[in-house]
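K.L.:
The chain contents come next:
Number of protein chains: 4
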Amino acid sequence: MSSSDRKVAVMPDKSKKHGMLVQHFYGKSRVRMTKLSRRPDRHELLELSVDINLEGKFEDTFITGDNSLVVATDSMKNTVYVLGAKHDFDSIEDFAKILSAHFLQQYLHVEGANISITEDLWQRIDLDGKPHQHAFFGAGAEKRSVTLKETRQSIAIESGIDNLRVVKTTNSAFLGFIRDSYTTLPDAKDRIFGTTVSARWLHDGENSDFNTCYHTARQAVLEIFATHASLSVQQTLHEIAQTTLERCPSIKSITLTMPNQHRIPFNLEPFGLENRNEIFITTDEPYGLISASIART
Amino acid sequence: MSSSDRKVAVMPDKSKKHGMLVQHFYGKSRVRMTKLSRRPDRHELLELSVDINLEGKFEDTFITGDNSLVVATDSMKNTVYVLGAKHDFDSIEDFAKILSAHFLQQYLHVEGANISITEDLWQRIDLDGKPHQHAFFGAGAEKRSVTLKETRQSIAIESGIDNLRVVKTTNSAFLGFIRDSYTTLPDAKDRIFGTTVSARWLHDGENSDFNTCYHTARQAVLEIFATHASLSVQQTLHEIAQTTLERCPSIKSITLTMPNQHRIPFNLEPFGLENRNEIFITTDEPYGLISASIART
Amino acid sequence: MSSSDRKVAVMPDKSKKHGMLVQHFYGKSRVRMTKLSRRPDRHELLELSVDINLEGKFEDTFITGDNSLVVATDSMKNTVYVLGAKHDFDSIEDFAKILSAHFLQQYLHVEGANISITEDLWQRIDLDGKPHQHAFFGAGAEKRSVTLKETRQSIAIESGIDNLRVVKTTNSAFLGFIRDSYTTLPDAKDRIFGTTVSARWLHDGENSDFNTCYHTARQAVLEIFATHASLSVQQTLHEIAQTTLERCPSIKSITLTMPNQHRIPFNLEPFGLENRNEIFITTDEPYGLISASIART
Amino acid sequence: MSSSDRKVAVMPDKSKKHGMLVQHFYGKSRVRMTKLSRRPDRHELLELSVDINLEGKFEDTFITGDNSLVVATDSMKNTVYVLGAKHDFDSIEDFAKILSAHFLQQYLHVEGANISITEDLWQRIDLDGKPHQHAFFGAGAEKRSVTLKETRQSIAIESGIDNLRVVKTTNSAFLGFIRDSYTTLPDAKDRIFGTTVSARWLHDGENSDFNTCYHTARQAVLEIFATHASLSVQQTLHEIAQTTLERCPSIKSITLTMPNQHRIPFNLEPFGLENRNEIFITTDEPYGLISASIART
Chain P
-8 MSSSDRKVAV
2 MPDKSKKHGM
12 LVQHFYGKSR
22 VRMTKLSRRP
32 DRHELLELSV
42 DINLEGKFED
52 TFITGDNSLV
62 VATDSMKNTV
72 YVLGAKHDFD
82 SIEDFAKILS
92 AHFLQQYLHV
102 EGANISITED
112 LWQRIDLDGK
122 PHQHAFFGAG
132 AEKRSVTLKE
142 TRQSIAIESG
152 IDNLRVVKTT
162 NSAFLGFIRD
172 SYTTLPDAKD
182 RIFGTTVSAR
192 WLHDGENSDF
202 NTCYHTARQA
212 VLEIFATHAS
222 LSVQQTLHEI
232 AQTTLERCPS
242 IKSITLTMPN
252 QHRIPFNLEP
262 FGLENRNEIF
272 ITTDEPYGLI
282 SASIART
Chain W
-8 MSSSDRKVAV
2 MPDKSKKHGM
12 LVQHFYGKSR
22 VRMTKLSRRP
32 DRHELLELSV
42 DINLEGKFED
52 TFITGDNSLV
62 VATDSMKNTV
72 YVLGAKHDFD
82 SIEDFAKILS
92 AHFLQQYLHV
102 EGANISITED
112 LWQRIDLDGK
122 PHQHAFFGAG
132 AEKRSVTLKE
142 TRQSIAIESG
152 IDNLRVVKTT
162 NSAFLGFIRD
172 SYTTLPDAKD
182 RIFGTTVSAR
192 WLHDGENSDF
202 NTCYHTARQA
212 VLEIFATHAS
222 LSVQQTLHEI
232 AQTTLERCPS
242 IKSITLTMPN
252 QHRIPFNLEP
262 FGLENRNEIF
272 ITTDEPYGLI
282 SASIART
Chain D
-8 MSSSDRKVAV
2 MPDKSKKHGM
12 LVQHFYGKSR
22 VRMTKLSRRP
32 DRHELLELSV
42 DINLEGKFED
52 TFITGDNSLV
62 VATDSMKNTV
72 YVLGAKHDFD
82 SIEDFAKILS
92 AHFLQQYLHV
102 EGANISITED
112 LWQRIDLDGK
122 PHQHAFFGAG
132 AEKRSVTLKE
142 TRQSIAIESG
152 IDNLRVVKTT
162 NSAFLGFIRD
172 SYTTLPDAKD
182 RIFGTTVSAR
192 WLHDGENSDF
202 NTCYHTARQA
212 VLEIFATHAS
222 LSVQQTLHEI
232 AQTTLERCPS
242 IKSITLTMPN
252 QHRIPFNLEP
262 FGLENRNEIF
272 ITTDEPYGLI
282 SASIART
Chain F
-8 MSSSDRKVAV
2 MPDKSKKHGM
12 LVQHFYGKSR
22 VRMTKLSRRP
32 DRHELLELSV
42 DINLEGKFED
52 TFITGDNSLV
62 VATDSMKNTV
72 YVLGAKHDFD
82 SIEDFAKILS
92 AHFLQQYLHV
102 EGANISITED
112 LWQRIDLDGK
122 PHQHAFFGAG
132 AEKRSVTLKE
142 TRQSIAIESG
152 IDNLRVVKTT
162 NSAFLGFIRD
172 SYTTLPDAKD
182 RIFGTTVSAR
192 WLHDGENSDF
202 NTCYHTARQA
212 VLEIFATHAS
222 LSVQQTLHEI
232 AQTTLERCPS
242 IKSITLTMPN
252 QHRIPFNLEP
262 FGLENRNEIF
272 ITTDEPYGLI
282 SASIART
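Chains as they are written, first to last, in the working numbering: chain P, -8 to 288; chain W, -8 to 288; chain D, -8 to 288; chain F, -8 to 288.
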């Protein structure tokens, strides 16, 4: 039954029809699960926040309040824990695949399943040079993430890094930009470059080695950020993208978003001092924002 | 010069070319401006946060670090204050139009300007039943917003409300949904319905009466939320959308997003008490999430 | 049994005793309860977040891990809902009294109960000029709060307002402050004065009319903020405190904390324009912070 | 001139005197400074947020609006950058001492200076096993902090760690607590123990080796948390405190605050599965809260 067929069928009250439903989804967000794997030699800890959205033949509940085709979002929540218990998996990408496959198989009127998972990163506490078997500390605001969109025809898996904060104190310039009546910024030959990297890479197919790819991409971000002789945030972003594509053959494209989190030289002249590029006001806002997608050629 | 011409010209190092730039934008975010209009009888206060993104012929800075076509994001920031000072405007939509027109006129290599503005809502302090001439209190987390996308061919203005928190304590049910092996939620004939409405409406053209439209839409949200006999969040959302389209003729479509912020009945049985639908655990997560776009027919 | 007696008894390993427990408390925080009162003509909605801390003879669990005197914090959580269900109350102060009395009566080794409650403020939706019977919208970030400290000898109830954001666009100056080699701020004859008021008032006894007192204090804050000819944030704060003490006879003292949330004039000179005290940079940080306690004489 | 002398002198309007100023302070908060030290072999990066509060003879500005003794908070902000530029220091404790000494020396009517500094922790990016000379990544939400209170008679320096998130997946129990009509929590022989440690230690004098002390204390927190056979959060907290006192001889006392951030076993029985202590709901609220101060004997 097509969406337009349906519309005719369910329209109960013509006088109220000022518009038609052109897009809709629903689901459960922030389902947080701790999964503990008690291995003989060590414990593995996975802490996830899962968002599920379904698309499909759900017009009735919008138009008439008939819920007979509605999967309760509470049931979606249950499903996360039940499938989390039933299955072994070693990446959030694999768990996202398990979840989306479930919803498409279990409910024939579901046309698309969108699964987003964010992973809290825990690091083993180091004691006497050895990683502890079951004690961890929080690795910070940085997260690993995946967004999977599956329909009955296709699947797209985009993995990523959120909130990777980095700063370099030299080897970054910004010169030769447009100078007109709206410009007051001086050229900077040597500036601090601070950003919080968000990276998203689209896998070529659904069977990448997700974990290797993640670690390779993360290392590329750190290495290129540290070593690139930067003429602009844009250029460094582009170089990171090129290097990631080079090192991760199973990635089709990558999107990087990098705010320019300014450190502004404090004017010490009124106090009879010279600022030798050493004292800065740390700011959160306003901030520059640079984003680009680079696709494999 | 076409984008593909450009690419050939600047490719300096073939060995590094693993991908091509398929999408990019950059700009300044969180430019916060207070604009005060000192009228004879009262002061008008406008507090805005502006995000600007430009699209256009900016490939060089990505690929070679040549910034000669780059409008510094610091200059974008200056532009907000300069145009904010030069122009009178009485809505964030009008200011967004002034800003986007500026960037397209001033810089011929800019192909698209995207302006998002969020307005802090201040309410006059009431003294002896009269609104004060120059003293205000914060109306809360709720914001008014606009997102404008302008190219050399088109303009799209989407206005909205963010973070409008509402709750109703009866006249909401959720019954008859799919009951299978993943379901534990009981039917609810009378539940608390709490949500935080986000609404975005697309204007038909660029000369709507933005302020009337905003106030009409906001009142429709509140009225329908309060009075609708709700069989599902979806149905109430749909009814709000239909009513807004009915009352605001210049709107082409509306997108509503409404989380279901659950109040869970606390189980008083272990304590020898009955919960007569009066005592609940207030929760933030997990939450349901319902979203739909309704377009005028 | 005195605390020092106890220490001798439980000290299991002298070599580990490098310090002694000089202060300790424990409890449950962020217990969130929605209480709905279904009145014939309207519903009353109360949404609270409760923090409970107990002090008393809890040294054993610290020193030996013997939990036999420990009230589980999970039981404290249960207690909030159970007492919330059993009792009628019309202010958070009264609920705090019910809770603290319970812990002191139920557990003889508890020496002090500290209860903090924060109330989300909901306002009835207005339809056709009438407040709705069961539909509400969120009144913002502002909260009502109480902190109650009860021991077997005494009780102190401090009520308050958190996060009341206000701004006035004139009738505020800041002149004649110390001008030395660290000063760059010019005198301001007419500045914007924006703040977020936090107020805490200590009741004289435990049987104040808490609701009247709250509404009177809140109105005093708004009225004096709006009308005071301010020579400094300090002076306005002091005037608010004096007026609150004047109007609320059952208050013993009041503490006000008011950040100075600066709006900084944007320098339009580089752009050939004059800033007639109308265009400002809205900032969150850094901010001034002024705090004082005023006690009834 | 004593405070009571002053009060008589400035009281301009007896009718308004309903209370007297019993406590007051003011200052500047969130002064954020990046200090870069360009060493021959590497760059040192320090990113701080400084809060300054002064106490002293500031009654006039409260009572009459006379600002002649007021150090503008804007000047305090300038002072942070000026003294940050003038002085070398290798800990936030030393910078706090420089700042407080300045305010007490520069302004004779200042009676107390309270300086709080929070340090963002940056870690060098590791390339080929070597820490990079000038590129860093953010070590997370964890901060290092100091609070210094100096008067003309005394100085107290309290250093600390904020937001150190840790979790252990076994070796933690909670048994034998009070079981009464408010109790539903079962005994737990083996539970996940997750917390976010806040530690504050008071130095004995003002010339501790602050950096060694910080690293020793932080390692003690991690080591004891990981290895302690925990019978309660309280007991682990106490053991951490004892060990820190043992290893840091220059510490007089330590205060630890540790929320109990619950992972709640998900009930898999309705789904025909057994939860072998492996699948949990991760929660933020409500949470237990344990705090204690342990002083050297």
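Hints are computed from structural coordinates only; laboratory data are not their basis.
Take these hints with a grain of salt, some might be off.
As the list claims (entries may be wrong) - Distance condition first, Cα-Cα at most 25 Å in a straight line; then the derived SDA-like pairs of lysine to any residue: (1) 48/D / 287/F; (2) 26/P / 120/F; (3) 48/F / 172/D; (4) 26/F / 214/P; (5) 134/W / 16/D; (6) 243/W / 55/W.
K.L.:
Does each hint hold? Answer for all of them.
P.N.:
Do the hints match the structure? See the list:
1. The suggested pairing of residue 48/D with residue 287/F holds, with an alpha-carbon distance near 20 Å, which does not exceed 25 Å.
2. A distance of roughly 32 Å separates the Cα atoms of residue 26/P and residue 120/F; the hinted pair therefore is violated under the 25 Å criterion.
3. The straight-line distance between the Cα atoms of residue 48/F and residue 172/D is roughly 21 Å, inside the 25 Å bound, and the hint therefore holds.
4. The straight-line distance between the Cα atoms of residue 26/F and residue 214/P is roughly 24 Å, inside the 25 Å bound, and the hint therefore holds.
5. A C-alpha spacing of about 40 Å is found between residue 134/W and residue 16/D, which places the hinted pair above 25 Å, so the restraint is violated.
6. Distance restraint check for residue 243/W and residue 55/W: the Cα-Cα separation of roughly 43 Å exceeds the 25 Å cut-off, and the hinted pair is therefore not satisfied.
Comparing the model with each earlier hint shows violations of hints 2, 5, 6; every other hint is respected.
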